[in-house]
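Make the full structure from the sequences, and use the hints.
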Amino acid sequence: MDKLIISPAPHIHSGDSISKNMQAVIIALMPAYLVALYYFGLGALIVSFTAIVSCVLFEYLIQKFILKGDTTIKDGSAALTGLLLAFNLPSNIPIYIVIVGSLVAIGIAKMSFGGLGNNPFNPALVARVFLLISFPVAMTSWPVPEALSMHYLDAVTAPTTLRNMNFGVQPDTLNLLIGNIGGSMGEVSGFALLLGFAYLLYKKVISWHIPVSILATSAVFIYILHLAAPESYIVSPIDYILSGGLLLGAIYMATDYVTSPMTKPGMLIYGVGIGLLTVIIRISPVYPEGVSFAILIMNAFTPLINTYVKPKRFGEKVKAKK
Amino acid sequence: MRTFRIGGIHPAENKFSAGQKIKTANLPKQVAIPLAHYIGAPAEAVVAKGDIVKVGQLIGKANGFISANVHASVSGKVNKIDVQLDASGYKRAAVFIDVDGDEWLETIDRTQTVVRECNLTKEEIIKKVAEAGIVGLGGATFPAHVKLSPPPGKKAEVLVINAVECEPYLTCDHQLMLEKGEEIMVGISILMKALDVNRAVVGIENNKKDAIALFQKLAKEFKGVEVTALKVQYPQGGEKQLIDAAIGRQVPSGALPIEVGAVVQNVGTTFAVYEAVQKNKPLFERVMTITGKSATNPGNYLVRLGTMLSEVVDQAGGVPADTGKIVGGGPMMGRSLMTLDVPMAKGSAGVLFIQNMESLRKKMQTCIRCGKCVNVCPMGLEPYLLMNQSEREMWADMESNKVMDCIECGSCSYTCPSNRALLDYIRFGKSTVGGIIRSRQARKS
Amino acid sequence: MNLILVSILTLVVVGALAAVILFFVSKKFHVFEDPRIDEVEAALPAANCGGCGFPGCRNFANACVKADTLDGLLCPVGGTPTMEKVAEILGKTVVAAAPTVAVVRCSGTCDNRPRKNKYDGVNHCFIAHNLYSGETGCSWGCLGLGDCELSCQFDAIHVNPVTMIPEVDEDKCTSCGACVKACPKMLIELRKKGPKSRRIYVSCRSQDKGPITKKACEVGCIGCSKCFKVCPHDAITIENNLAFIHDDKCKLCRKCVEVCPTNSIIELNFPPRKVKTEETAVEA
Numbered sequence: 012m013d014k015l016i017i018s019p020a021p022h023i024h025s026g027d028s029i030s031k032n033m034q035a036v037i038i039a040l041m042p043a044y045l046v047a048l049y050y051f052g053l054g055a056l057i058v059s060f061t062a063i064v065s066c067v068l069f070e071y072l073i074q075k076f077i078l079k080g081d082t083t084i085k086d087g088s089a090a091l092t093g094l095l096l097a098f099n100l101p102s103n104i105p106i107y108i109v110i111v112g113s114l115v116a117i118g119i120a121k122m123s124f125g126g127l128g129n130n131p132f133n134p135a136l137v138a139r140v141f142l143l144i145s146f147p148v149a150m151t152s153w154p155v156p157e158a159l160s161m162h163y164l165d166a167v168t169a170p171t172t173l174r175n176m177n178f179g180v181q182p183d184t185l186n187l188l189i190g191n192i193g194g195s196m197g198e199v200s201g202f203a204l205l206l207g208f209a210y211l212l213y214k215k216v217i218s219w220h221i222p223v224s225i226l227a228t229s230a231v232f233i234y235i236l237h238l239a240a241p242e243s244y245i246v247s248p249i250d251y252i253l254s255g256g257l258l259l260g261a262i263y264m265a266t267d268y269v270t271s272p273m274t275k276p277g278m279l280i281y282g283v284g285i286g287l288l289t290v291i292i293r294i295s296p297v298y299p300e301g302v303s304f305a306i307l308i309m310n311a312f313t314p315l316i317n318t319y320v321k322p323k324r325f326g327e328k329v330k331a332k333k
Numbered sequence: 314m315r316t317f318r319i320g321g322i323h324p325a326e327n328k329f330s331a332g333q334k335i336k337t338a339n340l341p342k343q344v345a346i347p348l349a350h351y352i353g354a355p356a357e358a359v360v361a362k363g364d365i366v367k368v369g370q371l372i373g374k375a376n377g378f379i380s381a382n383v384h385a386s387v388s389g390k391v392n393k394i395d396v397q398l399d400a401s402g403y404k405r406a407a408v409f410i411d412v413d414g415d416e417w418l419e420t421i422d423r424t425q426t427v428v429r430e431c432n433l434t435k436e437e438i439i440k441k442v443a444e445a446g447i448v449g450l451g452g453a454t455f456p457a458h459v460k461l462s463p464p465p466g467k468k469a470e471v472l473v474i475n476a477v478e479c480e481p482y483l484t485c486d487h488q489l490m491l492e493k494g495e496e497i498m499v500g501i502s503i504l505m506k507a508l509d510v511n512r513a514v515v516g517i518e519n520n521k522k523d524a525i526a527l528f529q530k531l532a533k534e535f536k537g538v539e540v541t542a543l544k545v546q547y548p549q550g551g552e553k554q555l556i557d558a559a560i561g562r563q564v565p566s567g568a569l570p571i572e573v574g575a576v577v578q579n580v581g582t583t584f585a586v587y588e589a590v591q592k593n594k595p596l597f598e599r600v601m602t603i604t605g606k607s608a609t610n611p612g613n614y615l616v617r618l619g620t621m622l623s624e625v626v627d628q629a630g631g632v633p634a635d636t637g638k639i640v641g642g643g644p645m646m647g648r649s650l651m652t653l654d655v656p657m658a659k660g661s662a663g664v665l666f667i668q669n670m671e672s673l674r675k676k677m678q679t680c681i682r683c684g685k686c687v688n689v690c691p692m693g694l695e696p697y698l699l700m701n702q703s704e705r706e707m708w709a710d711m712e713s714n715k716v717m718d719c720i721e722c723g724s725c726s727y728t729c730p731s732n733r734a735l736l737d738y739i740r741f742g743k744s745t746v747g748g749i750i751r752s753r754q755a756r757k758s
Numbered sequence: 059m060n061l062i063l064v065s066i067l068t069l070v071v072v073g074a075l076a077a078v079i080l081f082f083v084s085k086k087f088h089v090f091e092d093p094r095i096d097e098v099e100a101a102l103p104a105a106n107c108g109g110c111g112f113p114g115c116r117n118f119a120n121a122c123v124k125a126d127t128l129d130g131l132l133c134p135v136g137g138t139p140t141m142e143k144v145a146e147i148l149g150k151t152v153v154a155a156a157p158t159v160a161v162v163r164c165s166g167t168c169d170n171r172p173r174k175n176k177y178d179g180v181n182h183c184f185i186a187h188n189l190y191s192g193e194t195g196c197s198w199g200c201l202g203l204g205d206c207e208l209s210c211q212f213d214a215i216h217v218n219p220v221t222m223i224p225e226v227d228e229d230k231c232t233s234c235g236a237c238v239k240a241c242p243k244m245l246i247e248l249r250k251k252g253p254k255s256r257r258i259y260v261s262c263r264s265q266d267k268g269p270i271t272k273k274a275c276e277v278g279c280i281g282c283s284k285c286f287k288v289c290p291h292d293a294i295t296i297e298n299n300l301a302f303i304h305d306d307k308c309k310l311c312r313k314c315v316e317v318c319p320t321n322s323i324i325e326l327n328f329p330p331r332k333v334k335t336e337e338t339a340v341e342a
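In order, the protein sequences belong to chains A, B and C.
Residues are numbered in the numbering used here as their position in the first sequence, beginning at 1, plus a constant of 11.
Residues are numbered in the numbering used here as their position in the second sequence, beginning at 1, plus a constant of 313.
Residues are numbered in the numbering used here as their position in the third sequence, beginning at 1, plus a constant of 58.
Hints listed in this document are in silico derivations from the structure and should not be mistaken for laboratory results.
In this text, a Cβ means the ideal position worked out from N, Cα and C, and glycines have one as well.
Don't take every hint at face value.
Below 30 Å or equal to it, Euclidean Cα-Cα: the simulated DSBU-like pairs (lysine-lysine) are [to be verified]: (1) Lys468/B to Lys215/A; (2) Lys14/A to Lys676/B; (3) Lys174/C to Lys675/B; (4) Lys176/C to Lys328/B; (5) Lys675/B to Lys215/A; (6) Lys273/C to Lys404/B; (7) Lys435/B to Lys275/A; (8) Lys362/B to Lys273/C; (9) Lys272/C to Lys362/B; (10) Lys323/A to Lys374/B; (11) Lys435/B to Lys31/A; (12) Lys757/B to Lys272/C; (13) Lys321/A to Lys715/B; (14) Lys404/B to Lys174/C; (15) Lys606/B to Lys176/C; (16) Lys393/B to Lys243/C; (17) Lys404/B to Lys214/A; (18) Lys404/B to Lys230/C; (19) Lys75/A to Lys676/B; (20) Lys85/A to Lys675/B; (21) Lys362/B to Lys323/A; (22) Lys215/A to Lys522/B; (23) Lys404/B to Lys267/C; (24) Lys374/B to Lys239/C; (25) Lys214/A to Lys606/B; (26) Lys440/B to Lys544/B; (27) Lys342/B to Lys273/C; (28) Lys676/B to Lys174/C; (29) Lys275/A to Lys675/B; (30) Lys467/B to Lys367/B.
Pair by pair, the computed Cβ-Cβ distance ranges are [unchecked claim]: (31) Thr184/A to Lys606/B: 51 to 57 Å; (32) Lys86/C to Ile379/B: 55 to 61 Å; (33) Thr679/B to Thr184/A: 41 to 47 Å; (34) Pro314/A to Phe81/C: 52 to 58 Å; (35) Tyr298/A to Ala76/C: 33 to 39 Å; (36) Asp635/B to Pro269/C: 30 to 36 Å; (37) Thr420/B to Pro319/C: 50 to 56 Å.
Now the structure itself:
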């Protein structure tokens, strides 16, 4: 006992930290990652490894040599961005595109705004959209799943369920659940993604508000469209939310702390917005996948939602119980 | 199980001293009885250097509306009236008494028999409570008689007894309930009489199952007293949170509990009321908890006011070697002490030793906007926003974001994954905004 | 060809229309502003420090133009030369004000005032001040966390990392008063700069009784009244166990410095004293 320490209350802390939250999300992504490794094999390994390493490296280099400050790569946020970026890419994409994507995610979407906590848009999604627009062919040639595939650039490609849906092909629900479909490497297995969601809820890393409102809104909206024009919108709501990147986006991308609203009512507004926009964009034949755009658009509204949607204050218009 | 409706956290309880019998601390050689308590105007000394005083004799007279009498806790000779560093971290006036024997005022009934009947009128009870210098013993030290006299036009409907003890580590209220259950019940009925209400709700957190069972048994003998088990949740002991949890009413922003017909008293206060009314014993001693993860002998002690905390701590096994910080009170809202040579005051509920590794804060990182602080805030505020505004001195915005509703429970700082000192800034903003509001009101009138 | 023509024409029409609208709007909503405000503002230092009591230099310029006399209006940063320029522009006269400078009235360095505790909170004096009286035994002295340093726009005050007490750079200090407001312990005072920057002041704010002050800090003012008795100019008052030297009466005779038993009176920028061999001989 040297000198007694004086500090303002509270004197204990929950022990929660940024890195613990990031680790929890990474753990939650593991089931989907294993599925990706199973169906896309070598390609998935190469793409994810490149994305994670290059994201962490870019963050380190920028913080060390451009910002000349402390490096925060240990908090795991760059690794998470890398993993999420990889999940949003097809497993047969060339390495240089992955590296360009990482540079966009870390350099442009994150660091140029001041690093973690200050970026208005989800870095992984900015990178994905950037790549989608810059390399449209590479980004939309999805490999066909093949157990423990050893193919990388030479994988056989086929159109995804979403594009097929627009052409009137009914998907198979079981394959959507286990991930035996073409698509970006992380988005294929609905079951694995939901397993991760359960883990995140159990760990209280995220609350249910954003994912559930997104999924419910898009399911309800597509069902209304289905009732209005059954011949154009053949897909059932369940298949709809299982297909494409909707689950991945709703559970892991839209719930990104930095770019989502902070109050419960705000989260619901944000989720409903993403759900509606997703369906509207998906209807268009040009971009069958609309989740990333929808999330980015609602990211832009987040500051506005934070400013105007206040939490329910104590003692404000409540009825007495009992 | 009932609890309050907004926010809340559940820190590790660490109630090491639970079940430890209340021990009476040895009489000290000298006491320094503070004339000032945390809230309200300091009492005015009515003794002078050289006076001989007895235990229970009035030495400081309440000075103003929100102020309480102070009584001698020992018998002996007044040594001096001087400033003394107290638990607030500032030097304030105190009466120093050299102890000589233990001679109590003859009027005080020192027997242990429980006196149930109380034939006093409402006014007489309130007068006795005021004379005995009773303040809220939960920590806020608000004079009890002020709470018992609702402003004109307001009528109390329910008496809520705060037996929650939601602060981790502390056990003094719990132990008092187990040992003095019947006395507390009599105290409740006296308070009900003083407030002219026929319903009282005792809120006890579910981690004190023995106390709940005892009180539920006792409640059968006392009319109108209900015992409610509450889910363990911090800050349930906050006045507004407790009212919400126990009787389901929410006190509006800026209003006092009497607005919804509730009056809250702590169990310790209730026991003090019993002693004052039935035994003529003013408030000059209280139970406090001495605890900590590496405390050799965590326990509950009955200590006379003005005893130096160092003396009590010595009886409880001394300061553990790995102590980095000593907290007066609980870990969430207590104040860190500069030294143990501060006198025990009416609001001192405990001394807590925090180990070296736990006592330093971790490095503050940038806000990642996770919204956890918003989720846990029991008042439904946005701590991250208030902190930013406090940093940027945006006082008007802070006011419109209800900073004055903040109860300074510390849930936001506790929960922040970036270790941000949310409450430090909010508290500063709150005091500044409070000053601005007061000067505005002064200008108006 | 047609396309280019149409584009150009459209642009020209839109441009012309916008110009016409802008012209009328600027006429319609024109606000008259005294051109002298701009001139005065140009003469001011443009620090926008608020030391004059107005939010920003332009508001001060506005006040100067509107005021009948320049009495009471002073830009502390520019001082008398700036005010003379302002007066020239406005055709008014200005009374020269004695230049002032900030002084820190605490000498409780780590040696003089040992630290008893370690503060572990946000590094802001105001937050520490809300919490307790300070790491040392003295509840009046400097907390050393540097709110004054943060408040200073002129890089003129810095907490010395060794002594943990702020030091004022006289050449840079413009006596804008920002640090005076920032210090929660009210330790900083604006004093007359004095001839050749010579100043004498009591470097302590402790209102505790003598023994308490002495115990906490070796150089604290114990309120012994020796300086009060020795001062030939009635410049010293003692209130609440604390001496204060009024700079308008002080003639810088330095008698008080000699008698102070705790060395809490500071003299600045005086030439070194002659060694008074005779006096010491007499005393011995």
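Now the hints, each set against the structure:
1. Lys468/B to Lys215/A: It is violated: about 43 Å lies between the C-alpha atoms, which goes past 30 Å.
2. Lys14/A to Lys676/B: At roughly 20 Å apart (the allowed maximum being 30 Å), Lys676/B and Lys14/A satisfy the hint.
3. Lys174/C to Lys675/B: Between Lys174/C and Lys675/B the Cα gap is close to 22 Å, so the pair holds against 30 Å.
4. Lys176/C to Lys328/B: Given that 30 Å is the threshold and the Cα spacing comes to 27 Å, the pair holds.
5. Lys675/B to Lys215/A: holds, 22 Å
6. Lys273/C to Lys404/B: Satisfied, since the Cα-Cα distance of roughly 14 Å is no more than 30 Å.
7. Lys435/B to Lys275/A: Judged against 30 Å, a Cα distance of about 47 Å means the pair is violated.
8. Lys362/B to Lys273/C: holds, 23 Å
9. Lys272/C to Lys362/B: holds, 24 Å
10. Lys323/A to Lys374/B: violated, 44 Å
11. Lys435/B to Lys31/A: violated, 57 Å
12. Lys757/B to Lys272/C: violated, 45 Å
13. Lys321/A to Lys715/B: holds, 11 Å
14. Lys404/B to Lys174/C: With Cα atoms ~15 Å apart, Lys404/B and Lys174/C stay inside 30 Å; holds.
15. Lys606/B to Lys176/C: holds, 21 Å
16. Lys393/B to Lys243/C: At roughly 28 Å apart (the allowed maximum being 30 Å), Lys243/C and Lys393/B satisfy the hint.
17. Lys404/B to Lys214/A: This hinted pair is violated, its Cα atoms lying about 46 Å apart.
18. Lys404/B to Lys230/C: violated, 37 Å
19. Lys75/A to Lys676/B: Holds, because 19 Å separates the two Cα atoms, which is no more than 30 Å.
20. Lys85/A to Lys675/B: holds, 15 Å
21. Lys362/B to Lys323/A: violated, 56 Å
22. Lys215/A to Lys522/B: holds, 28 Å
23. Lys404/B to Lys267/C: It holds: about 12 Å lies between the C-alpha atoms, which stays within 30 Å.
24. Lys374/B to Lys239/C: violated, 37 Å
25. Lys214/A to Lys606/B: With a Cα-Cα distance of about 26 Å, the restraint between Lys214/A and Lys606/B holds, given a limit of 30 Å.
26. Lys440/B to Lys544/B: Since the Cα atoms of Lys440/B and Lys544/B sit roughly 36 Å apart, the hinted pair is violated (cutoff 30 Å).
27. Lys342/B to Lys273/C: Holds - the C-alpha atoms of Lys273/C and Lys342/B are around 23 Å apart, at most 30 Å.
28. Lys676/B to Lys174/C: The given pair, whose Cα atoms are some 23 Å apart, holds under the 30 Å limit.
29. Lys275/A to Lys675/B: holds, 28 Å
30. Lys467/B to Lys367/B: violated, 40 Å
31. Thr184/A to Lys606/B: 51 to 57 Å: holds, 53 Å
32. Lys86/C to Ile379/B: 55 to 61 Å: Since the Cβ atoms of Lys86/C and Ile379/B sit about 60 Å apart, the hinted range of 55 to 61 Å holds.
33. Thr679/B to Thr184/A: 41 to 47 Å: holds, 43 Å
34. Pro314/A to Phe81/C: 52 to 58 Å: With a Cβ separation near 37 Å, Pro314/A and Phe81/C fall outside 52 to 58 Å, so the hint is violated.
35. Tyr298/A to Ala76/C: 33 to 39 Å: holds, 36 Å
36. Asp635/B to Pro269/C: 30 to 36 Å: With Cβ atoms ~35 Å apart, the hint holds.
37. Thr420/B to Pro319/C: 50 to 56 Å: At 51 Å between Cβs, range holds.
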